[in-house]
Amino acid sequence: MSNFPISEIRKDFPILETKINKNDLVYFDNAATTQKPQSVIDSLSNYYKSFNSNIHRGVHQLAEKATEEFESTRETAKSFINASSTNEIIFTRGATEGINLVAASYCKNFLKKGDEIIISEMEHHSNIVPWQMVAKENDLVIKTIKVTGKGELDMEHFKSLLNENTKFVSIVYISNTLGTINPVKELVNISNNAGAKVLVDAAQATSHKNVDVKDLNCDFFVFSAHKMYGPTGVGILYGKEKILEKMPPYMGGGEMIKDVSFEDTTYNTLPYKFEAGTPNIGDVIGFKKAIEYLNDLGRQNIYKYEKEIRDHAWKELKKIDRIKLVGTSDSKIGIFSFYVEGFHYYDLGLFLDAKGIAIRTGHHCTQPLMDKMNLDGTARVSLAMYNTYEEINYFIDELKKIISK
Amino acid sequence: MSNFPISEIRKDFPILETKINKNDLVYFDNAATTQKPQSVIDSLSNYYKSFNSNIHRGVHQLAEKATEEFESTRETAKSFINASSTNEIIFTRGATEGINLVAASYCKNFLKKGDEIIISEMEHHSNIVPWQMVAKENDLVIKTIKVTGKGELDMEHFKSLLNENTKFVSIVYISNTLGTINPVKELVNISNNAGAKVLVDAAQATSHKNVDVKDLNCDFFVFSAHKMYGPTGVGILYGKEKILEKMPPYMGGGEMIKDVSFEDTTYNTLPYKFEAGTPNIGDVIGFKKAIEYLNDLGRQNIYKYEKEIRDHAWKELKKIDRIKLVGTSDSKIGIFSFYVEGFHYYDLGLFLDAKGIAIRTGHHCTQPLMDKMNLDGTARVSLAMYNTYEEINYFIDELKKIISK
Amino acid sequence: MIIDQIQEEIIDNFNMLDDDIEMSLNYLMELGEGLEPLGDELRIDDNIIKGCQSKVWLSHTFEDNKLIFFGDSNTAITKGLLSLLISVFNNRTPKEILESKLFFINETGLCRFIGTQRSNGLEAMENKFKIIALNSLKNG
Amino acid sequence: MIIDQIQEEIIDNFNMLDDDIEMSLNYLMELGEGLEPLGDELRIDDNIIKGCQSKVWLSHTFEDNKLIFFGDSNTAITKGLLSLLISVFNNRTPKEILESKLFFINETGLCRFIGTQRSNGLEAMENKFKIIALNSLKNG
Ligand SMILES: Cc1ncc(COP(=O)(O)O)c(C=O)c1O
Ligand SMILES: Cc1ncc(COP(=O)(O)O)c(C=O)c1O
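Residue numbers (the numbering used here), protein chains in the order written: chain A, 1 to 405; chain B, 1 to 405; chain C, 1 to 140; chain D, 1 to 140.
Bear in mind the hints are in silico, worked out from the structure with no lab data behind them. Built from N, CA and C at the ideal position, the CB exists for glycine as well. Don't take each hint at face value.
To be verified - Label-pair distances were calculated between CB atoms; the ranges are: (1) C/Lys50 / B/Glu8: 46 to 56 Å; (2) C/Lys95 / B/Glu75: 28 to 38 Å; (3) D/Asp18 / A/Ser50: 22 to 32 Å; (4) B/Asp397 / A/Ser7: 28 to 38 Å; (5) B/Lys108 / A/Lys324: 42 to 52 Å; (6) B/Asn295 / D/Asp19: 38 to 48 Å; (7) B/Val141 / A/Asn138: 16 to 26 Å; (8) D/Met23 / A/Ser7: 33 to 43 Å; (9) A/Ser7 / B/Phe110: 54 to 64 Å; (10) B/Asp330 / D/Asp19: 37 to 47 Å; (11) D/Asp19 / A/Lys304: 44 to 54 Å.
Claimed, not checked - Below, simulated DSBU-like cross-link-like pairs (lysine-lysine); rule was C-alpha separation at most 35 Å, straight line: (12) C/Lys138 / C/Lys95; (13) A/Lys324 / C/Lys55; (14) B/Lys240 / A/Lys136; (15) A/Lys22 / A/Lys108; (16) B/Lys240 / A/Lys65; (17) A/Lys240 / D/Lys55.
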């Protein structure tokens, strides 16, 4: 066992002391959203108690301080994903908005009728529907990479989809349903060679592993704060500066302009061009604390510990005959989708909840993947760094009892 | 003097105890953003400490509770603006996103080349640029209602702009630069008779006066939580259900779909159709407390008190010869834009800040209005319900001292 | 009114479970198991109750001015809930059903673990019963 | 190096103001008033420093390998800041200017009330001085 400071970490997350039906909360719904450390919660209160103000263009000291803190999250996020410049860090509401922004704005300037976009069968709806919408409007074609029985991308199939019309590839880094870590670096390389730009949906990646946009060499990269111990309502779109510069703005409003007149409006420079209106200042400031929390622990250490508990959970789940696991790639994080023959996942979720164990059930916003697997849903356990061996053992015991009902 | 419980109210806002350069903070930048009562701040902490979870589609109790609280803000907001149904309440990041959503989505289905949109010279950039963007893309024409010397809409000019091509009117309820309360009800009536839909930008209205979308009979109505004592990062778009139903979605993603497949995606019902991705759950929940705070005090009482301090400030400002007020309509709230001949507003802002008085300086995101008035900016004092006579007197004294430097 | 009496009984039964959620779930599961499964010929789209997260079918016969219901679901807990609704409405006249008010769901707190989204499912179920009653009234 | 000496002097002066922001503002205003206003013929677009919130103009002459600066601004505080920069760079050779490092701004904490947005303005000012120096070096 590693010497990961698990008991100190658990103390940092006040919600973990909650009781559900007299049982300790076992929170295994981390792929939906993670819990927040005290430092994040405190930074929100502190912002509103001591320096809440609208940012930019302010002469007074609250505005100064708020602007400074807001922009310092941008710096922190830049280093966190190893971007080249803060001009490449756009604040959004979350991964979904980031993908919509790219789909709408990039397509407008760079894609034309008949061009092809590649996604995969394992995408989250947020990485499907925005492309369907722009495809419909602009007569683009969407192709989908097949997923293998183990829940991996079929790379040969991917290569066979590429052709001179392929202009964009948008792919999930880690599947929220299968847990599979996709070979994104390879994918970017192949796509770029074929002349296509690549967006990486890293919603499930940033809390579990080191991420490095320079190393991946991707063109766009999106993620959400709430899935990495930060507040709801904030996310980041990273884009290569050269590309972002050529893209038209997505929304119009305050902040994103340089000069407005009824005759001629000029847009602001990056990153502000893409940040119309008053941003989510409080949560952006709180987000910094979440990144710092991850940095302080060290993402390598987190990855190592999570792999240990993942291996343990996997081993135990495999022992239960009636459990059918969906997504069995060796390259995966602690996300386990499964079903039990003769026991509906929804009932399972309710019975586990009665024991204090929070899991998610349903299609996990990946209906096409479910269709492909001939399922209408699964039960999903998704682990985070504050989960423990004890919690896993308790869950396995209760799971066995329930399915023998 | 009214018996408005001003000293209790001030105790509810912890930031008001801040010292700036050894002076008490006098926060007169409320049109940019308001401060937050303890109940709002506490509800954010409480959410993250005790029931943070992703909403909808969840079987466990945290998800239940979070969903319930999230949806109950929708109920509260519905009553607050007197909408007919929660289907008409769409959560956005703020007023800006609401306007962008309507501009993009409504235009797609209902406007065609040559159609005309009317805005006014006193609009905030957020109610100009989105229209310019869709106008450019769809060959629409934007016309602007003139503003009079007193800072009021020239209603005769407005009427003269209407014709059979006028399809949309988007107008600010209360000007963030002038403080003018526009005759929105009349405007809606005239516009509807001319066959045009109307969006009301109520960003500056909801904290100062009673608002009633049924009474106004407007088609759309947008506002931001952060300008009405709520958290940053949330706002509401109200739209008449019949119209919203016919509008295509703005963003694609989780939550906003009913069924997704690569062949055919069907969208969710209202209001979810317009809420793609994980929403800003924490702040939506906190927003409810802000509305409740306003409801508890009574908006009529707030209006009355604010009118008293507005009148006082106005009277005192008028006494200072060198102060030139911009926006002198009788129908106005406590927003005072002014300049001092021979004293740049920027210097003024800095000197006031040294005395703890926070005001805003610049164009206030209304450059076309500034151009019209031949100004490049003003100093702006904007009052809220927690401001006092004493603060106003202190400000007036310091202002006099500074401009006599 | 017998519909109300049955509801009171249900409330009493759940009260005895003393807010123990697990017991309530077990009890619901048992109740559901008591429902005769529907044959494939009745598990048809026409009988599906729209608006539920899981699949719920409801079929009926109408004789001597009384409605008899048959239902099924692909999830055990929902089936249990459906069986409660059936026990309330079974053997009643369309008029009785239309005039009834369901109060046991809120009073048992069953909605608690039925889900915020799910409660619409319960509404959908109740509506389906009433629509069937209405149609029977018209046609009968 | 004389540029550093002048910066040290500025730091000493502001230290005497003991962190009193109002006094600092008054002092800056006074310094700004000491700058000879530019005539209209020099308040031209070519002399504007881009990137400042307020309008700032900078002009110069180059004689005996030394640069003399003239500047103005439409706001008093910015003019004060500009006058500090001018006092640091005035009468120096292009080489001296190009090799110098500005440290007084951070050490005085002047950036505090110059504004987060504004600090880019200061950078823009510094850059303008150095570009003038560079051009003089090339042409001189
Ligand atoms: C009149 C008006 N409209 C729109 C907005 C935009 O609001 P937000 O920045 O919260 O989206 C503002 C706020 O600055 C405003 O004052
Ligand atoms: C893989 C993946 N992509 C995208 C998203 C969308 O993220 P958000 O809802 O925060 O916008 C999610 C979250 O559900 C996800 O798991």
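A quick look at each hint next to the structure:
no. : hint                            : verdict
1   : C/Lys50 / B/Glu8: 46 to 56 Å    : holds, 51 Å
2   : C/Lys95 / B/Glu75: 28 to 38 Å   : holds, 34 Å
3   : D/Asp18 / A/Ser50: 22 to 32 Å   : holds, 24 Å
4   : B/Asp397 / A/Ser7: 28 to 38 Å   : violated, 58 Å
5   : B/Lys108 / A/Lys324: 42 to 52 Å : holds, 44 Å
6   : B/Asn295 / D/Asp19: 38 to 48 Å  : holds, 44 Å
7   : B/Val141 / A/Asn138: 16 to 26 Å : holds, 24 Å
8   : D/Met23 / A/Ser7: 33 to 43 Å    : violated, 52 Å
9   : A/Ser7 / B/Phe110: 54 to 64 Å   : holds, 59 Å
10  : B/Asp330 / D/Asp19: 37 to 47 Å  : holds, 45 Å
11  : D/Asp19 / A/Lys304: 44 to 54 Å  : holds, 48 Å
12  : C/Lys138 / C/Lys95              : holds, 11 Å
13  : A/Lys324 / C/Lys55              : holds, 22 Å
14  : B/Lys240 / A/Lys136             : holds, 26 Å
15  : A/Lys22 / A/Lys108              : violated, 54 Å
16  : B/Lys240 / A/Lys65              : violated, 40 Å
17  : A/Lys240 / D/Lys55              : holds, 33 Å
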